[in-house]
Each structure stands twice: as structure tokens, then as C-alpha cells.
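There are 2 protein chains.
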Amino acid sequence: MTANSFDLPIDLLRSRQNVKWTKYGRDVLPAWVAEMDFAIAHPIRRTLERSIADQDYGYPDRPGGGGDAYLATAFQSRMKDRFNWDIDTSLVQPLADLVQGTFSAILAMSDPGDGVILQLPAYPPFHEAIHSTDRVLVPLMMRDDGQRHVMDAAELARHAAAPRTKMILLCNPQNPTGRVFGRDELEAIGRAAIENDLIILSDEIHADLIYGDAVHIPIATISPEIAARTITINSPTKSFNIPGLRCGVMYFGSAALRERFHKRVPKRVLGSPGILGIDATVAAWNDGQPWLDDVVTHLQAMRDKVFATIASEMPQIRARAPEGTYLGWLDCSQLPLAGSAFDFFHDRAKIAFSAGEAFDPTGAKFVRFNFATSGRIIDQILGRMVDAVKQSNAVRPRA
Amino acid sequence: MTANSFDLPIDLLRSRQNVKWTKYGRDVLPAWVAEMDFAIAHPIRRTLERSIADQDYGYPDRPGGGGDAYLATAFQSRMKDRFNWDIDTSLVQPLADLVQGTFSAILAMSDPGDGVILQLPAYPPFHEAIHSTDRVLVPLMMRDDGQRHVMDAAELARHAAAPRTKMILLCNPQNPTGRVFGRDELEAIGRAAIENDLIILSDEIHADLIYGDAVHIPIATISPEIAARTITINSPTKSFNIPGLRCGVMYFGSAALRERFHKRVPKRVLGSPGILGIDATVAAWNDGQPWLDDVVTHLQAMRDKVFATIASEMPQIRARAPEGTYLGWLDCSQLPLAGSAFDFFHDRAKIAFSAGEAFDPTGAKFVRFNFATSGRIIDQILGRMVDAVKQSNAVRPRA
Chain A
1 MTANSFDLPI DLLRSRQNVK WTKYGRDVLP AWVAEMDFAI AHPIRRTLER SIADQDYGYP
61 DRPGGGGDAY LATAFQSRMK DRFNWDIDTS LVQPLADLVQ GTFSAILAMS DPGDGVILQL
121 PAYPPFHEAI HSTDRVLVPL MMRDDGQRHV MDAAELARHA AAPRTKMILL CNPQNPTGRV
181 FGRDELEAIG RAAIENDLII LSDEIHADLI YGDAVHIPIA TISPEIAART ITINSPTKSF
241 NIPGLRCGVM YFGSAALRER FHKRVPKRVL GSPGILGIDA TVAAWNDGQP WLDDVVTHLQ
301 AMRDKVFATI ASEMPQIRAR APEGTYLGWL DCSQLPLAGS AFDFFHDRAK IAFSAGEAFD
361 PTGAKFVRFN FATSGRIIDQ ILGRMVDAVK QSNAVRPRA
Chain B
1001 MTANSFDLPI DLLRSRQNVK WTKYGRDVLP AWVAEMDFAI AHPIRRTLER SIADQDYGYP
1061 DRPGGGGDAY LATAFQSRMK DRFNWDIDTS LVQPLADLVQ GTFSAILAMS DPGDGVILQL
1121 PAYPPFHEAI HSTDRVLVPL MMRDDGQRHV MDAAELARHA AAPRTKMILL CNPQNPTGRV
1181 FGRDELEAIG RAAIENDLII LSDEIHADLI YGDAVHIPIA TISPEIAART ITINSPTKSF
1241 NIPGLRCGVM YFGSAALRER FHKRVPKRVL GSPGILGIDA TVAAWNDGQP WLDDVVTHLQ
1301 AMRDKVFATI ASEMPQIRAR APEGTYLGWL DCSQLPLAGS AFDFFHDRAK IAFSAGEAFD
1361 PTGAKFVRFN FATSGRIIDQ ILGRMVDAVK QSNAVRPRA
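Those protein sequence lines, which keep their order, are chains A and B.
Sequential numbering of the first sequence, starting at 1, is according to the numbering used here.
Sequential numbering of the second sequence, starting at 1001, is according to the numbering used here.
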């Protein structure tokens, strides 16, 4: 495995003020929280270094106006370049993060007691956003059909038609299954939304991380009717690895949707991202693609290695190589587990995955595997996994 | 006038991406938006340089937990050190800025149609926060009594007792008059709030910038009864000159107040400051006081020079030296103005002050003067002012 220019040495990773590498013991390899162990793209580094050198932390002046206009224009050209999607900058709302967008959209677009469809397994704050606002989580299971994780169309239609259902939370590419939904699947969601007057909240923050033949389609590009009821969330925090800088956008598919949103959640309640987050985002979107191309090539190689090794060396783990994201969803229910799959790998392999039960209450026998690290660390993680699985089989044969 | 170590050369000021120095023509000296023309404190520079060098933009691990806990602990020790105020870190809410805190507090603590008392003149977003949420602005004029700007106690009592009044927005030190309210004045506000069951929102972001014998008293320290109905907003953005980094805090004077707030505005709707903003804030509060002491000494000298020059050279301008803030409120109604005071100084003196009418609809004959710059630039501004005032008197004698 050759090294990449963006690999970082493990002693630097461990010495930073970063929860991925500090939460667990020094003997544990982290493969949990969704960030990458890579150096930052040079355009981002340069813009931040310039601000630091100039001590330029005052009220910002940027092309097109202040920080918000600068961010909206960069989002517009990014969506055009990547997805041939024409967006209107006046419908862009800056955000600190996906979580802020999710909470505010649920508050603005539904009432307590209303149903919100959520694909399961799902990123934990989606669960929290529904429960803590007293909405009702309507689960739509993503089931492994032997090839990939899919929704059941009849279940979607039934949930969408329920009288209290008001919203669908779509995560595309999906965290943690790595599904990149096809046009037919997105059309089915769009139809269900239109027929039942639902709002779609589409988290597309993994849209830059797509492998092989998969294609990311923003659901708002499918038709104007779908766009008019869709709030899309995007951000460079995953693909350019800058979650701590807290910057993203929410895009309203129509002016009416924006007005409806701001009636309940005034714009200025959302605050503003810091200027360094905005500058980093614009640099990433405008000038970061060559770096990202290299990173995606590497991630695809890591994906292929991880899922080939699981298939050949650990066939008891049921898993599908993701079409997008740097995350894999591993069904470990066929391993001889005493407790959770997280505990098994933490205790026996000294690997910290994300615990499955955080994504699905019934998911304790699953883990989420973040494979966004160097080939060297991936080899160590896979070696530890294989050893732990083999030893467990030797000690306690499968039932 | 000797130079300070934190003065920045005018060519650097003009070359940065900063609205203070770019909004108006290159022949205009800016004395408007509330930021300072000074180099940043070394502890802030060091913490930002470290993050940039380590490319440390992942999910943060900081002493005490994540970024929010780190920020709350620094706020706690800052309030203890400066004001002997014991605060509870569980009642601290991070904010992007004062404006986010104001909008969210008004939404959480009042209903459309309710009255919100606002001292006038006032920072423009306070007006906007009241009007755009369909609350009613109840004006409490700050009147120049020949010594300083004061509220009328009877007017306060009458407004507070009006049936629809629900909140008082206090700005202390007051922007733009520079008043630092005394204990008796704060007690009067507290009494009015208790007697009429009002919530106090106290903007104290200028609390670090106090001159001479003036003392800043956080209103929540006056009594537990006042604290229980007070939301205090603080931030290092003014005193340490980092508004672009977007970080501040909101402090709930009781757990009941926090619960009431979050019932309408869930915590995660507010987002989170970026980690570089949090790190800069903690560095400022924990280690920035020596820098701030030097800055305040300089600002006091600038204040003295500005208001002495106005008194001796431009007696037609009625003004009071502020007790706090680096802002002065100049009544220019005795000048022979054809239009607004802003236009007069912009057109004739090539100085951009803040226009008075943004602070008070009846304030077009006033400007706000930001004197947070070097002695050299202050001398130029005063020279231009004196020339313009003298010429205007020569051409058009006072009525």
C-alpha cells in the first residue's frame, strides 16, 4: 500500500485536540466519528493562513457582499459544476451544521405530534431532532436485499399517507449504509411527498464522496414540483474534513418554502458561521476538487480492500460495499457476540467503531466502520478484526 | 502622540478583507462599524496559529469536554475574575453573536404584539429584532441631562407597567451613548422588571471597555430575584476585536429561565460557534487581559482627546465623553446641516461615521463616532472635522 500525500503520521493524529483520536485508549484504533485522518486541501490552508497573517477577523468584506453572499455564490457555482443544478442565491441560508438545519426545519415545517419519516439506520441527531421536538418518528427500514440496502416502496407509501405524517428526512448518500439513491428511488420519495403534501429534508452532505458508477442526484433536481417542497442541506465538512469550522448551507427549493420557514424560525435566530469557516468552505468548493479527486480515489481503494477482506476473511459479517460515504454498516449478528458488536471489537480487537444502537434501537449487533484513513491504518484495523473474529470462532463456535 | 505596539499601518488596514476599510472611498477615513484598528492579542494569535499548523479542524476535544464546555468554563472564570460573579456553567449557551441571542430571547420570552422596552438610541439590530418578530417597540429615551445620558425613572415605570410589556432590552455599557449604568439605575430597572414580571435581556458585550472611575456591574449580580429573570449576553468580539470569528455566550440567570427558553428555541437550533472562534474566545478571556489593559489605556487617551477637541474647537457639537465603549454619540443639530449629520461629515470632511438615524428614527442630526484607532488617525479625523465645521460656519452662519 503506497502512502498518499495527504496521509498524516499517527503521532500527529494522536497529538491533536481531536476527539476521534482522544476518546478511546491509546491502544485503540479509532474508526468511529465521521471525519478523515487526512491533511487539509491546500486552497483551504492558504486562505486560513492569509487570514491569520493579516489578523483579519473584523466584519468581513467579500466578493458579492459579506460572508453570506460569498458563501451563497460559491454554493451556486458548486451545484452547477457538479450536478448541473441551477440554484437561486437568495434561497441559500447559511448554517453552522446539519444538526441546526434539521432541528430548525422540523420546527418550522411540522407541529408537535406530527409524524416524520426517517430511514433507519440513521445518524443519531436525526433521532434526537424528532424526539426532542415532540414529533413522532415514523421508521422506514433500509433492508439488505442481498445486494444493497433498500427501502420498501409499499412501506414508504403507507407511512407517507398516514394522516399525521408531515415530513420525510432523506439522507442521500445515506449514513450509515452508504447507499446512493437512484433516480427511481428518489422519484418514489418525491411522488409520496407530492401526493401527501409532505416536506422533504434532504441531507446531502456526503454528495462529494461517490464511488464507481454511482451518481449523486440532488432530489430537488428531479422536478420543480419536488424542489418546491424540498429543503436541501449541503456542506464541505465531510468531504473536505473541516467539521470543526462549522459551516454549511440550507437551500430552499422555492421562495414560498423559505417564507414558510422564516415565519417560524427567523433568519437571524440561526446566527452566522464564523468568517474562517466561510472562507474555508468557499476555498474548498471553488478550488478543492483536485485534492478531493485524489481523496476519493484513495477512499475507493480502502472501501474495496475493506469489503473484500470482510467477504474473504470474515464471512460471518454481512456487509455491502457503500456506493458513497466513507462509512460501512456491518451486520455482526452472526458472530458469537456476548454483548454488542461495538463492545466485541473494542474489547477484543482494540478498535472503536460507532455503536450500531445509536443509529437504530435494534442495531446493537451492528457497527459503523469509518474507513477514511491511511492504507497503513486500514491494514492494522483489518488485521485486528480478522484476529478477533477468528479467535472468537475458535473459542465459541457459532450456534 | 506615541505609537502603540498594537497599531496597524494604514496600508495593511486598507488591504484587508474588512468592511470597515472598504465600504467607503479610499479618501474617506472610517469611524463607523464597531471594531478596532488594532493588532490581535498574542494569546489569540498563538492558539489560531497552532490550529492552522496542526490542521486541527475535526470534532474538537478540549479541556472539560467539547468546545461548548470549554467555552462555558472560560466564561465562568472570566466573570469571577472581573466581576466576582459566580456563574453555573450549565446555564451558559454558546452563541454566534449578540444578534442571534437577541432574536432568540425575544421569540422565546414574548409573543407577537407584546411590548419590548428599548433604550433609545440603540444598536440597529435591536430595532430589527423587535419589529421583525412583530413585537412592539416601547421607546425609553436616553436624554442628555448636561452631564450624561440618563433614563427617566417615571417613563421607565410607566412603560414597565403597561399590560402588554413583557421584556426590557438593556445595553450596558450602552451603545451608542457609552453610558455605564450605576447600581441605582440598575436597581430601578430590576425593580420595574420584578414588579411587572418582565424578562431582562442584558447586552454586556462592552463590559471590558470601561474608563476612569466607572465600574461595570452585571445586572444579574444585583440580586437573585433579578438574576432569575435576566438573560445576559457577553462576548470578546468587541474588546478583543474578533467579531468575524462569531463567538459569544448567553447566560440564563436560573434553570427555570433556561427551560422556558429552550421550550421555544431548542438548543440545537442555535448551532455552534466554529472551533477557531471558541479557541480565540478562551484565549482572550484566559490570557488576554494584559493586552486589553494596554488597549483600554490607549482608548481612554483617545476618548479624552476627542471630547476635549470637540468641546474646545467644535462647541456646536453637543457630546458627552463615554464612560465605556469606544463609541461616542454626537448631537450635531446645532451645525448648519443641509441633510443628515452623516452626510455632512462624509461629504465635507471625508469621514464615515455611523448614521444616527439607524440608532433612533429621530436621530438624523446625530452620528456615532468610533474612536478605536491609532492616535495618528484620530488626529487626522479631528483635523478634518474641525476644518469642515469651521468652513460650514463661515459659509452658512447658524440660524
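These are calculated hints, taken from the structure and not from any lab test.
One or more hints might be untrue.
Straight-line distance between alpha carbons at most 25 Å, and here's what the computed SDA-like set of lysine to any residue pairs gives [what the hints assert, rightly or not]: (1) B:Lys1350 x A:Gly66; (2) B:Lys1023 x A:Lys23; (3) A:Lys350 x A:Arg384; (4) A:Lys263 x B:Asp1343; (5) B:Lys1263 x A:Ala108; (6) A:Lys263 x B:Phe1307; (7) A:Lys267 x A:Lys23; (8) A:Lys305 x A:Lys263; (9) B:Lys1263 x A:Arg384; (10) B:Lys1390 x B:Arg1264; (11) A:Lys267 x B:Glu1357; (12) B:Lys1267 x A:Asp331; (13) A:Lys267 x B:Arg1260; (14) B:Lys1023 x A:Lys305; (15) A:Lys23 x B:Ala1069; (16) B:Lys1263 x A:Asp114; (17) A:Lys267 x B:Gly1375; (18) A:Lys267 x B:Asp1343; (19) A:Lys23 x B:Asp1068; (20) B:Lys1023 x B:Gly1375; (21) B:Lys1267 x A:Thr133; (22) A:Lys263 x B:Gly1113; (23) A:Lys267 x B:Asp1134; (24) A:Lys305 x A:Pro315; (25) A:Lys267 x B:Phe1307; (26) B:Lys1023 x A:Asp56; (27) B:Lys1267 x A:Val136; (28) A:Lys267 x B:Lys1365; (29) B:Lys1023 x B:Arg1046; (30) B:Lys1263 x A:Gly113; (31) B:Lys1350 x A:Pro315; (32) B:Lys1267 x A:Arg384; (33) B:Lys1023 x A:Pro361; (34) B:Lys1350 x A:Arg158; (35) B:Lys1263 x A:Val136; (36) A:Lys365 x A:Ala321; (37) A:Lys23 x B:Gly1066; (38) A:Lys263 x B:Arg1260.
Evaluation of the provided hints:
1. B:Lys1350 x A:Gly66: holds (24 Å)
2. B:Lys1023 x A:Lys23: Measuring from Cα to Cα gives roughly 46 Å; hence the hint is violated.
3. A:Lys350 x A:Arg384: holds (7 Å)
4. A:Lys263 x B:Asp1343: Not satisfied, since the Cα-Cα distance of roughly 36 Å exceeds 25 Å.
5. B:Lys1263 x A:Ala108: holds (14 Å)
6. A:Lys263 x B:Phe1307: violated (45 Å)
7. A:Lys267 x A:Lys23: Violated, at roughly 35 Å.
8. A:Lys305 x A:Lys263: violated (49 Å)
9. B:Lys1263 x A:Arg384: violated (46 Å)
10. B:Lys1390 x B:Arg1264: violated (55 Å)
11. A:Lys267 x B:Glu1357: holds (24 Å)
12. B:Lys1267 x A:Asp331: Status violated; Cα separation ~34 Å.
13. A:Lys267 x B:Arg1260: Holds, because 21 Å separates the two Cα atoms, which is no more than 25 Å.
14. B:Lys1023 x A:Lys305: violated (54 Å)
15. A:Lys23 x B:Ala1069: holds (16 Å)
16. B:Lys1263 x A:Asp114: holds (17 Å)
17. A:Lys267 x B:Gly1375: violated (39 Å)
18. A:Lys267 x B:Asp1343: violated (31 Å)
19. A:Lys23 x B:Asp1068: The given pair, whose Cα atoms are some 17 Å apart, holds under the 25 Å limit.
20. B:Lys1023 x B:Gly1375: With a Cα-Cα distance of about 22 Å, the restraint between B:Lys1023 and B:Gly1375 holds, given a limit of 25 Å.
21. B:Lys1267 x A:Thr133: Answer holds: B:Lys1267 to A:Thr133 is near 11 Å, not above 25 Å.
22. A:Lys263 x B:Gly1113: holds (15 Å)
23. A:Lys267 x B:Asp1134: Within the cut-off at roughly 14 Å; holds.
24. A:Lys305 x A:Pro315: holds (14 Å)
25. A:Lys267 x B:Phe1307: Violated - the C-alpha atoms of B:Phe1307 and A:Lys267 are around 39 Å apart, more than 25 Å.
26. B:Lys1023 x A:Asp56: The hint holds at about 16 Å.
27. B:Lys1267 x A:Val136: With Cα atoms ~19 Å apart, B:Lys1267 and A:Val136 stay inside 25 Å; holds.
28. A:Lys267 x B:Lys1365: Violated. A:Lys267 to B:Lys1365 sits at ~31 Å, over the 25 Å cutoff.
29. B:Lys1023 x B:Arg1046: Measuring from Cα to Cα gives roughly 30 Å; hence the hint is violated.
30. B:Lys1263 x A:Gly113: holds (15 Å)
31. B:Lys1350 x A:Pro315: violated (77 Å)
32. B:Lys1267 x A:Arg384: violated (40 Å)
33. B:Lys1023 x A:Pro361: violated (54 Å)
34. B:Lys1350 x A:Arg158: violated (68 Å)
35. B:Lys1263 x A:Val136: holds (17 Å)
36. A:Lys365 x A:Ala321: Given pair A:Lys365, A:Ala321 holds - Cα atoms ~18 Å apart, limit 25 Å.
37. A:Lys23 x B:Gly1066: Holds - the C-alpha atoms of B:Gly1066 and A:Lys23 are around 11 Å apart, at most 25 Å.
38. A:Lys263 x B:Arg1260: holds (21 Å)
In this structure, the earlier hints numbered 2, 4, 6, 7, 8, 9, 10, 12, 14, 17, 18, 25, 28, 29, 31, 32, 33, 34 are contradicted, and the remaining ones agree with it.
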